[in-house]
Amino acid sequence: MNIFVLLKRTFDTEEKITIAKGAINEEGAEFIINPYDEYAVEEAIQLRDNHGGEVTVVTVGNEEAEKQLRTALAMGADKAVLINTEDDLESGDQFTTAKILAEYLKDKEADIILAGNVAIDSGSGQVGPRVADLLDIPYVTTITNLEISGETVTVVRDVEGDSETIETKLPVLVTAQQGLNEPRYPSLPGIMKAKKKPLEELELDDLDLDEDDVEAKTKVVEIFLPPTKEAGRVLEGELDAQVKELVNLLHKEAKVI
Amino acid sequence: MNFELTNEQQMLKEMVQDFADKEIVPYAREVDETSKMRYETFEKLGELGLLGIPFPEKYGGAGGDTISYCIAVEEIGKACGGTGLSYAANTSLGASPIYYFGTEEQKQEWLVPMAKGKTMGAFGLTEPNAGSDAGGTRTRAILDGDEWVINGEKCWITNAGYSRQIIVTAVTGKREDGRNIVSAIIVPSDTPGVTISCNYDKMGVRGSNTCEIILENVRVPRANLLGDEKKGFSQFLFTLDGGRISIAALSVGIAQAALDKALQFAKERQQFGQSISKFQAIQFKLADMAMELELARNQVYKAAWLKDQGKPFGKEAAFAKLFASEAGFRICNQAIQIHGGSGYMKEYDVERYLRDIKLMEIGEGTSEIQRLVIARHLGC
Numbered sequence: 001m002n003i004f005v006l007l008k009r010t011f012d013t014e015e016k017i018t019i020a021k022g023a024i025n026e027e028g029a030e031f032i033i034n035p036y037d038e039y040a041v042e043e044a045i046q047l048r049d050n051h052g053g054e055v056t057v058v059t060v061g062n063e064e065a066e067k068q069l070r071t072a073l074a075m076g077a078d079k080a081v082l083i084n085t086e087d088d089l090e091s092g093d094q095f096t097t098a099k100i101l102a103e104y105l106k107d108k109e110a111d112i113i114l115a116g117n118v119a120i121d122s123g124s125g126q127v128g129p130r131v132a133d134l135l136d137i138p139y140v141t142t143i144t145n146l147e148i149s150g151e152t153v154t155v156v157r158d159v160e161g162d163s164e165t166i167e168t169k170l171p172v173l174v175t176a177q178q179g180l181n182e183p184r185y186p187s188l189p190g191i192m193k194a195k196k197k198p199l200e201e202l203e204l205d206d207l208d209l210d211e212d213d214v215e216a217k218t219k220v221v222e223i224f225l226p227p228t229k230e231a232g233r234v235l236e237g238e239l240d241a242q243v244k245e246l247v248n249l250l251h252k253e254a255k256v257i
Numbered sequence: 001m002n003f004e005l006t007n008e009q010q011m012l013k014e015m016v017q018d019f020a021d022k023e024i025v026p027y028a029r030e031v032d033e034t035s036k037m038r039y040e041t042f043e044k045l046g047e048l049g050l051l052g053i054p055f056p057e058k059y060g061g062a063g064g065d066t067i068s069y070c071i072a073v074e075e076i077g078k079a080c081g082g083t084g085l086s087y088a089a090n091t092s093l094g095a096s097p098i099y100y101f102g103t104e105e106q107k108q109e110w111l112v113p114m115a116k117g118k119t120m121g122a123f124g125l126t127e128p129n130a131g132s133d134a135g136g137t138r139t140r141a142i143l144d145g146d147e148w149v150i151n152g153e154k155c156w157i158t159n160a161g162y163s164r165q166i167i168v169t170a171v172t173g174k175r176e177d178g179r180n181i182v183s184a185i186i187v188p189s190d191t192p193g194v195t196i197s198c199n200y201d202k203m204g205v206r207g208s209n210t211c212e213i214i215l216e217n218v219r220v221p222r223a224n225l226l227g228d229e230k231k232g233f234s235q236f237l238f239t240l241d242g243g244r245i246s247i248a249a250l251s252v253g254i255a256q257a258a259l260d261k262a263l264q265f266a267k268e269r270q271q272f273g274q275s276i277s278k279f280q281a282i283q284f285k286l287a288d289m290a291m292e293l294e295l296a297r298n299q300v301y302k303a304a305w306l307k308d309q310g311k312p313f314g315k316e317a318a319f320a321k322l323f324a325s326e327a328g329f330r331i332c333n334q335a336i337q338i339h340g341g342s343g344y345m346k347e348y349d350v351e352r353y354l355r356d357i358k359l360m361e362i363g364e365g366t367s368e369i370q371r372l373v374i375a376r377h378l379g380c
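Protein chains in written order, with the UniProt record's numbering: chain A, 1 to 257; chain B, 1 to 380.
It should be emphasised that the hints constitute simulated quantities derived from the structure, not laboratory data. Don't take each hint at face value.
Said to hold, decoys possible - Examples of chain A residues toward chain B, derived with CB under 8 Å:
id, residue
1, Lys67
2, Thr71
3, Ala74
4, Pro186
5, Ser187
6, Leu188
7, Pro189
8, Ile191
9, Met192
10, Lys195
In this text, a Cβ means the ideal position worked out from N, Cα and C, and glycines have one as well.
Bound conformation, chain B alone (with noise of 0.2 Å):
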């Protein structure tokens, strides 16, 4: 056992901090207001290689692990929630099933702008009546000769507004026992038929781009088919154990941001006298605050450990994201507790934090669904 990160790992937390106080955290506040994620941190990003961490050098990526990964997204989202969340969706959702499953063409075609950070891509799964339950998918492929004609309509897709692509769930058949056969489909945004609207006014993330999608007689190549058409949807279900990390990723780094805050606050702070910082009422709340934190963060990098070791990761994934997204939730809200009337401005931040953090328990499979996955892989 070795809890240390590595060299390489530590430069890049380091690299990425750097860079995130100087160009995502003064952006933070004001992506949140104009709900309008801010592109140029995305160039940047891309420029300094953090849009392929993952990926092998000949896909363009930067060939680091997943914890290297996970390091990154927790800084990100340390700094602004809403581009930590555009940014793990951009790699977990939009970049990873097209390296997991796609063709070489593929790869070349969509993977390598992508962990070049020259392009930005979406997975469209959600829809009105789907989600985690997949086999409610109402959004439908058929094939007319060398294309497939889609038909459907997807709700709140992180990044579609700044895709080049967008990988779409749509019923492609019936199996044998008739029930559906779930596909995915690469579909270029620019596609006839595909119209894009990013009006939604979320409750947080709103530095993340969020889009409805509606797909009308949109034709694309059959060979745009991602992976193995009879698996159908059983094969992308680890590509949401890998986002699932992710998200874990991020609520460990909100959570961060709002221990931080409220640490330098308490200390600040003075009552009766003396800092709030030397009350036990206090004391306790941030004990109990630094300990959920670390251990959500083990769990991160554990999840993060196994998938890069080629071990089952799925049951790891789903602890990591429910402990690290209902404990960062926890962490949040006494983080605004411990504030005071202060904490329930916008210009301390921490309203800010509890917002964002809150879709980390709903997003990529609800804490509900994790206990799910959970209950599953213990056999019930």
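One chain only, chain A, in its complex shape (with noise of 0.2 Å):
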């Protein structure tokens, strides 16, 4: 089985995060593995262990990214692929990552790609869906549970807390959701044996692409930090009142009503 996962090198939003000039101050953030990708890659490494098969990751990054490729391949994926965009690109969206990742794929006869279903620093979801749209596949979203017989594909999929189970085919995109499964440490033997696994670099010219063709779509126009929490307030006297004044304040304060 050949076997894709498509990986963000993420800042830990578990770390307090500040803002300097309209951008998120990268300086002394951790960054780690989006852990929806986490997931993604635990999945492929089962599926490459039941099924047999190669797990290749793959990300759009800068070299900077290379250490949590290593971090996949420590866990167990046999390759990785670091499609570097820091000289030809100053900015990118998710039609720019989309594009970029599809390009890669589109010659590699993928028979499943494995994404997280969101990352936790812009959130949009867009790429995996985007890629699967490209390459002309089906997708499914948000997974808890993958199951593959043949052909077949069987998928549960998180529906705003219920579930619901899909049917589809090989070729597949599917987008990882917590509680798919419980992703391993990378043992030392295998963060030993990551050095020497193959991590090819790529640019945009190696994918026949131009600046042009991966333009981002979409303008960041203002990044801003949610308001701190300011005190609470304790509403006194009768109950009936209470209720009345809370009602009130909700509606002509706070306006959620």
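Could you use the hints to bring the two separately framed chains together as a complex?
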């Protein structure tokens, strides 16, 4: 089975995020594999172990992403590909990333492509579906279970807390939701072996792409942190009066109802 | 010069940190209270390949360097000092002597299962009247045909209750100048005559297993002698030098945990209308703690690096152990001070750090012995 995983290097949102000059301050931030992509890597490794084949992890980014790719290799992926856009692109969006990935994947004859359901940084959840669309293959998002038998793929997907079972055929693209599996720790022998596994580095040129072909379709106008939490208020008086005041405040002050 | 960790070292650090957060931190208080080592943790450490970091792949290890090993000790120690001590002793004292001085057969028999994380091992040096003073060793091994017959007593032996074998030091003869030859012999724990009891009630590192061993007419094959019989104890000083680096790394781990807690507390604790981290009295404490911690870590890495380069590292290992344990004690003490009354309460963990780190100034050569070692290196 020819298995591909789309992986993104993101900053760790459990760390404190600061903003400087309209951008997220990357200095001192911790960078990790997007947690949803970790589920995708784990699922890919399990698929390979059960069905045979090879797992290739692909990322679009800069040299810094090599560490996250190596981590995926240490977990058990076989090959990694870094599509380095550092010298070619100043900025990009979901369209840019999807276009680059699709261009890379179009002649790879992937049986299955796995991605995270959403990246914890920009959180669009678009890249996976867009890639599937460009490759003209089916996709199923936010999956919590995956079974493959022959060409038939049975997927359980999370639908607003409920679940839905879908049957489709290979080749397919799926995006992983929390609960799909429990990602393994990269073992120490895994880490040592990862050093020797192939990590290919490509640029836009290698994919016959120009900057114009992948120019972002959207523009970030502003980035800001959510408002800091203010002290709470305790209402006083008769219960009926409190309820009335609360409704009134929610309507007029908080404007939520 | 390059002060950056390699990609692999960085990955290892993150892996151990993740593992420790989920598998060690939640049990740290419990193992301290019950004084019972959690063996399951060691099974899992073994599955991840962490019990064989510095040994080559052909002996079941990961082929990592000493720096990687120190990183693992630090991260495990940060989560739980007791677990960190058992982890460090298992590799540095239980496995290393067999790797450095064992015959091929001994390595296959004893080292490989340890490096793979299937078994644990201990090193029995300390006796009621001997420790750093190896000359005071009373345990005797007498050759009877093809067997050593060992009699004696060992105390404060880490991990002995969970070990498949214990490397025991014993007097095996006399040199021409009349002084005792002290050798090391591998004793399988289930040999008749070996009695292991683990009933010490320790001040700290209580999650680590510590035992007393009585040896009564214990017979083991002659082939179990470890290393060169004539060279005696001096060859094992190398093992102790290596062990000191790991105790230093463990000190750094415990001290890092104390600094993290103190900094967090100082930022949250409000007094006189502001967080106490805004007061210079607290800031200066935190600044000193952070500085001493970083200096200690640098010295750990330097000693480890020297060892990896095959250069002499005895003096640097003593520097690292002495400085990291004493600075670590200061850091843990100040962490309690910053916490005030809360720090005296068990639920804030910092009192445990102080109890745990006290051992670092004692185990594997007291601070005073480290100073002696350093002075000797200076030519005194």
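Against the structure, the hints:
no. : hint   : verdict
1   : Lys67  : holds (6 Å)
2   : Thr71  : holds (6 Å)
3   : Ala74  : holds (6 Å)
4   : Pro186 : holds (5 Å)
5   : Ser187 : holds (5 Å)
6   : Leu188 : holds (3 Å)
7   : Pro189 : holds (5 Å)
8   : Ile191 : holds (5 Å)
9   : Met192 : holds (5 Å)
10  : Lys195 : holds (6 Å)
No hint from the list above goes unmet by this structure.
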